[in-house]
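Line by line, the protein sequences are chains E and B. For the first sequence, the residue numbers in this note's numbering are 36 to 297. For the second sequence, the residue numbers in this note's numbering are -9 to 193.
Treat the hints with care, as some may be off.
[Stated by the list, open to error] Mimicking SDA-like on lysine to any residue, the simulated pairs with C-alpha atoms at most 25 Å apart in a straight line are:
(1) E:K133 to B:K59
(2) E:K133 to B:D86
(3) E:K133 to B:C46
(4) E:K133 to B:A49
(5) E:K277 to E:F288
(6) E:K101 to B:A85
(7) B:K59 to E:I292
(8) B:K83 to E:G289
(9) B:K59 to E:L140
(10) B:K83 to E:K135
(11) E:K146 to E:S46
(12) E:K135 to B:Q52
(13) B:K59 to E:Q139
(14) B:K59 to E:A40
(15) B:K83 to E:T136
(16) B:K83 to E:L174
(17) E:K279 to B:N117
(18) B:K83 to E:R132
(19) E:K279 to B:V(-8)
(20) B:K83 to E:P281
(21) E:K279 to B:K59
(22) E:K119 to E:F37
(23) B:K83 to E:S72
(24) E:K101 to B:H133
(25) E:K133 to B:D51
(26) E:K101 to B:I118
(27) B:K83 to E:L287
(28) E:K101 to B:E114
(29) B:K83 to E:D117
(30) B:K83 to E:S46
(31) B:K158 to B:H55
(32) B:K59 to E:G194
(33) B:K83 to E:P128
(34) B:K83 to E:I88
(35) B:K59 to E:T136
(36) E:K101 to B:I105
(37) E:K101 to B:V132
(38) B:K83 to E:Q139
Hints were generated in silico from the structure; no laboratory data involved. Quantities reported herein were computed from a predicted structural model and do not represent experimental measurements.
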Amino acid sequence: MFISAETSPHSLTGFTLVMPAVAVGNVGQLAVDLIVSTLNMTRVGYIHTDCLIPMAGNNPYATGSKDTEELHTAAEVYMAADMKLAVLQIRTPIIQRKSKTFRQLIVSWIKSSGFSRTVVLSSSHAYQRDDRQLQGTTLRYLMTPPLLKGCEDVLKELGWREMERVSAFPGLTDGSAEPRLYIPGGGITKGLYTASCAEDLPLAVLLLFCSEGDNIPDAFTLVNHLNDWLHLLDKPNNEPNKWKIPTSWTLLFGSGIPPALF
Amino acid sequence: FVSVYVLGSAGWDAVGHASVWNERNRVVAGQSSEDSTCVFYRNKDSQSVLVCQVTCYIAEDQLFHWTEKVFGCLQQRGLNVTVLSDSSVAEYKTADYFSSSSAPFLRSLRTGASIGPPLCQTLEQPNIMTGLPAAVLSHCQVHHIPTISYHCYSDVIGPNSITVETYKPVLAGLAKSIQLASPNPDVLRKFVKATDIQSNLYI
């Protein structure tokens, strides 16, 4: 559940929440790292739950020697009050068999906090695309009806493609099978979306088709698309689309090479 | 380290235990089920000092509840926690290649409520802690309990006297609460022997 880190907790009512889904390539989580790091967001609370594998480490967004020694945990909430933006970062996988519980926890937290809208950054296996999805942009969106109502013009302007429904049994010509939403590798994305539709919550999903590997370019792509919509970086003192890479991204593929190897 | 240097002296009473069951603790005939518990010892002279000796494996999905249960039984006011853990130096990420002469070494992590000078270097990015130390640190961070975790990176697989000694400076800082006993060689020999049996591949 959400535990505030502040002595006098800020209200997050009316804020926009951006959160990642733990999905293929961790693209959503990397994108969220870029947002928190660039906008210098402050931590306002923790999601303390038994649904995530525990993890602890020093400040991943440290800028100097003063703020290095600050303990950070598996799931935390950050805030930029001037932009009315709240961000949830999830750093560890969801424990097996706890996906549904975690999804329900998040949905009830979204409801009780009173966010004006929620954006889930996610990804899906590129190799599972069907023929239509192989062409064009790798970005897809989904929006629940309450959010769709106000965003139709914006979506037209951005030219985004809605995530296609696919047939349950590809290849079978049985016309009675209705096409359904399928997000392979997306973790709890589909669950969050369907639960939010059922609960009438304004929620959007932004996902990229990608594969495991060096997903830093995918993270930049996703966060730039998000910026096209939410205009997070349109402040005059920021260069356009200049995202700050956090210090925790060093050595993503292991330590330095021992010279004795050569 | 705890068995050799701390519990070696006679001043500790076993006051309780916490048991977990997971697929890794098979009760073999002749082996008592106490092998799957974590035992709590209280100092006879200083009743406010507790040592928890964790000898069993706690699965990922049990970590949170173990921590909640254990801390639920402790008085939170004035509580100070120190966690000792270790892993292989291969898990330590650094830009400059670490020659093996620097291992074993200590790194620390502390919660926001923890004050006082650090006794060793803090854990640098991008290294993180997982498992039981992380579960304890997360719990204490969220509940504002001063906690420090000392993690030893070792280049040797089994326990040995040099690696075990790495923690000595840490407890020197706690000397008021815990008297460091002179190392009991029999206890260490028992640990070393237990791991030797599996390593006859490299004789």
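Verification of the hints:
no., hint, in the structure
1, E:K133 to B:K59, "holds, 19 Å"
2, E:K133 to B:D86, "violated, 39 Å"
3, E:K133 to B:C46, "holds, 24 Å"
4, E:K133 to B:A49, "holds, 14 Å"
5, E:K277 to E:F288, "holds, 24 Å"
6, E:K101 to B:A85, "holds, 21 Å"
7, B:K59 to E:I292, "violated, 43 Å"
8, B:K83 to E:G289, "holds, 6 Å"
9, B:K59 to E:L140, "holds, 21 Å"
10, B:K83 to E:K135, "violated, 34 Å"
11, E:K146 to E:S46, "holds, 13 Å"
12, E:K135 to B:Q52, "holds, 18 Å"
13, B:K59 to E:Q139, "holds, 24 Å"
14, B:K59 to E:A40, "holds, 22 Å"
15, B:K83 to E:T136, "violated, 34 Å"
16, B:K83 to E:L174, "violated, 33 Å"
17, E:K279 to B:N117, "holds, 20 Å"
18, B:K83 to E:R132, "violated, 31 Å"
19, E:K279 to B:V(-8), "violated, 44 Å"
20, B:K83 to E:P281, "holds, 16 Å"
21, E:K279 to B:K59, "violated, 40 Å"
22, E:K119 to E:F37, "holds, 18 Å"
23, B:K83 to E:S72, "holds, 21 Å"
24, E:K101 to B:H133, "holds, 23 Å"
25, E:K133 to B:D51, "holds, 9 Å"
26, E:K101 to B:I118, "holds, 19 Å"
27, B:K83 to E:L287, "holds, 9 Å"
28, E:K101 to B:E114, "holds, 13 Å"
29, B:K83 to E:D117, "violated, 37 Å"
30, B:K83 to E:S46, "violated, 39 Å"
31, B:K158 to B:H55, "violated, 30 Å"
32, B:K59 to E:G194, "violated, 52 Å"
33, B:K83 to E:P128, "holds, 21 Å"
34, B:K83 to E:I88, "holds, 21 Å"
35, B:K59 to E:T136, "holds, 20 Å"
36, E:K101 to B:I105, "holds, 15 Å"
37, E:K101 to B:V132, "holds, 21 Å"
38, B:K83 to E:Q139, "violated, 36 Å"
Violated hints for the displayed structure, listed by number in ascending order: 2, 7, 10, 15, 16, 18, 19, 21, 29, 30, 31, 32, 38.
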